[in-house]
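**Q** Those sequence lines, one after another, are chains S and E.
Taking this note's numbering as reference, the numbering of the first sequence is continuous, increasing by one, and the terminal residue is 255.
Taking this note's numbering as reference, the numbering of the second sequence is continuous, increasing by one, and the terminal residue is 1749.
For the record, the hints were derived by calculation from the structure and aren't laboratory data.
Computed from a predicted structure; not experimentally measured.
The reader is advised that the hints may include incorrect statements.
Simulated restraints on C-beta separations [unchecked claim]: (1) V125/S x Q1664/E: 27 to 37 Å; (2) V125/S x I1733/E: 31 to 41 Å; (3) G246/S x F1671/E: 31 to 41 Å.
To list a few chain E residues with every Cβ distance to chain S over 12 Å, as calculated [claimed, not checked]: (4) L1508; (5) G1534; (6) G1580; (7) L1590; (8) S1597; (9) V1636; (10) A1637; (11) F1724; (12) A1729; (13) F1736.
To spell it out: a stretch of chain E is covered by chain S in this simulated footprint if at least three of its residues, at any positions, have a beta carbon under 8 Å from a beta carbon of chain S; those stretches are [claimed, not checked]: (14) 1619-1628; (15) 1684-1690.
Even glycine gets a Cβ: it sits at the ideal position worked out from N, Cα and C.
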Amino acid sequence: MTGKIALAVAWRSVHNFLNNPAFMVPAIVFPLFFFVAFAGGLSAIADTPGFDFPSGYTAFQFVFVLLQSAAFGGVFTGFGIARDFESGFARRYLLAATDRRGIVAGYALAALVRALVTWTVLTVVALLAGMEVGGSGVDVFGLYGLAVLVNLAAMLWAAGVAMRVRSIQGGPLMQFPTFLILFLAPVYVPLSLLSGWIHAVASVNPVTALLEAGRGFISGEPAAVALAFAIAVALPILFGLWARGGLRRAEAAG
Amino acid sequence: MTRSVLSTQVGQLARRSVLRTLRQPAQIVPALVFPLFLLAVNSGGLKDAANLPGFPTDSYLTFALAVPFMQGALFSVMNAGTDLARDIETGFLNRLALTPLRGAALLSGLLAGAVVLGLAQAGTYLAVGLIAGAELAAGLPGALAIVALSVSITVAFGTLGLFAALRTGSGEAVQSLFPVFFVFLFLSSMALPLDLLQTDWFHAVASANPVSYLLAAFRSLLIEGWDPGALALGFGIAAAIFAIGMFAAATALKTRLVRT
Chain S
2 MTGKIALAVA
12 WRSVHNFLNN
22 PAFMVPAIVF
32 PLFFFVAFAG
42 GLSAIADTPG
52 FDFPSGYTAF
62 QFVFVLLQSA
72 AFGGVFTGFG
82 IARDFESGFA
92 RRYLLAATDR
102 RGIVAGYALA
112 ALVRALVTWT
122 VLTVVALLAG
132 MEVGGSGVDV
142 FGLYGLAVLV
152 NLAAMLWAAG
162 VAMRVRSIQG
172 GPLMQFPTFL
182 ILFLAPVYVP
192 LSLLSGWIHA
202 VASVNPVTAL
212 LEAGRGFISG
222 EPAAVALAFA
232 IAVALPILFG
242 LWARGGLRRA
252 EAAG
Chain E
1490 MTRSVLSTQV
1500 GQLARRSVLR
1510 TLRQPAQIVP
1520 ALVFPLFLLA
1530 VNSGGLKDAA
1540 NLPGFPTDSY
1550 LTFALAVPFM
1560 QGALFSVMNA
1570 GTDLARDIET
1580 GFLNRLALTP
1590 LRGAALLSGL
1600 LAGAVVLGLA
1610 QAGTYLAVGL
1620 IAGAELAAGL
1630 PGALAIVALS
1640 VSITVAFGTL
1650 GLFAALRTGS
1660 GEAVQSLFPV
1670 FFVFLFLSSM
1680 ALPLDLLQTD
1690 WFHAVASANP
1700 VSYLLAAFRS
1710 LLIEGWDPGA
1720 LALGFGIAAA
1730 IFAIGMFAAA
1740 TALKTRLVRT
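Chain S extracted, bound-state conformation:
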């Protein structure tokens, strides 16, 4: 029964996403835009002393943009949850669903579908732009596996906020911490080339391990894989508890 509820919720969210250009276009265009701006505009960074990434700067930035789009795919689904609560539609979900965890699972499924659409376009554009992929099929699978877990974690985080605030005004609260943690990682150069406060912050930022593992996968030189997957699995568990708390708050609020 939970599965049926999840599928119904997911179908509606995906349908809204695919049929509303105001939702779909930014979801596809933004990651492409970041990819173009970073990989195109900053390609000279690859010439800085000490920068040694075998697959080139385009692949280096592709991993960041992939994980960023994974995270924001989850956050934007949180916006949809908040909108559903604001319009009263989510209350109908709460009344109709026998197992309300299915509602959250449905939104998570929708976030994944949404991310898959974005990743398909992003990957095609990156390959057309001449991105070199040094990793094997297993490595690439590992990269997208990480992205799926990041998408799930971000969606559960945003869902937790959305179900507590139950208004689209909670949008910045979902978005800003995600933006912050992503950009406080080694976005433009590897961790070893960072210095000062940003190096200190990036060294303890969990996103750094995800980025390093992702970049290792795409270049065919896997690094920090166990740590990255441990973090990528722990985050959805942690934010799953956060989302469950949010669901209980929403239930209590009626």
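Chain S is already provided as a structure; the job is to place chain E on it using the hints.
**A** The following block gives chain E in isolation, referenced to the frame of chain S:
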């Protein structure tokens, strides 16, 4: 209508616009904090770019300090536009239309909030940048020129916000324009100088993007000292955007008043 009446109209609307801006921390705080956050992250993350051959300064922070002024101007598009859109949505503009208020007074008055916010932004960005260790080759007069340029650009971009609000009549539509303006910023010499942009098409786009020359005007004062050519181009582009924006906004205002 006498000149004093016009100035009274502008003054009243300007006062309202300034007070409304000052009473909305949700408008002021992101416009001050977000650009400084990106400055901190980018100047930390791209520090080594200053080691590239041909980079104009050995301090990436100094180079990057030009960017918050442009980001601040983008916020003025949103703030000016959203405020006017709210006036349209709440019917305030319709009530103003019943008075003998001139269109020019309305548009000029509405930009007063952008001027105040622009001054606050420019002062904050410059002070934080200099405290963090950025250089200012043009000295104290250069600081005044930076503030003047920043306010000019903020007001010029503000007219685009007014146009968007009058054209759409929706605050949500104005907000959705933010990414469009952000594209102009990212596809410019924001992160690296034009001659270090290696990707051909990106170089071509950035070279044709007026934002690159607005950034160059700020950087001339921060890095080189006084470069009349770069400054004239920067102020000239700001004036051109202002003229186009005001013309478009005035035309849209006429259409909207006819509709109502």
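**Q** Now look at each hint and say whether the structure bears it out.
**A** Going through the hints against the structure:
1. V125/S x Q1664/E: 27 to 37 Å: 30 Å, holds
2. V125/S x I1733/E: 31 to 41 Å: At roughly 37 Å between Cβ atoms, I1733/E and V125/S fall inside 31 to 41 Å, so the hint holds.
3. G246/S x F1671/E: 31 to 41 Å: With a Cβ separation near 34 Å, G246/S and F1671/E satisfy 31 to 41 Å, so the hint holds.
4. L1508: 23 Å, holds
5. G1534: Incorrect as stated: the minimum Cβ-Cβ distance to chain S is 4 Å, not above 12 Å.
6. G1580: Answer for G1580/E: holds, closest chain S Cβ roughly 23 Å.
7. L1590: Holds: least Cβ distance 33 Å, greater than 12 Å.
8. S1597: Non-interface label stands for S1597/E: nearest chain S Cβ at 31 Å, farther than 12 Å.
9. V1636: Given that every Cβ of chain S is farther than 12 Å from that of V1636/E, nearest at about 28 Å, it holds.
10. A1637: 28 Å, holds
11. F1724: 26 Å, holds
12. A1729: Holds, since 25 Å exceeds 12 Å.
13. F1736: F1736/E is indeed farther than 12 Å from all Cβ atoms of chain S, at 29 Å.
14. 1619-1628: violated (count 0)
15. 1684-1690: It holds: at least three residues are needed, and the region 1684-1690 of chain E offers 5 whose Cβ sits within less than 8 Å of chain S.
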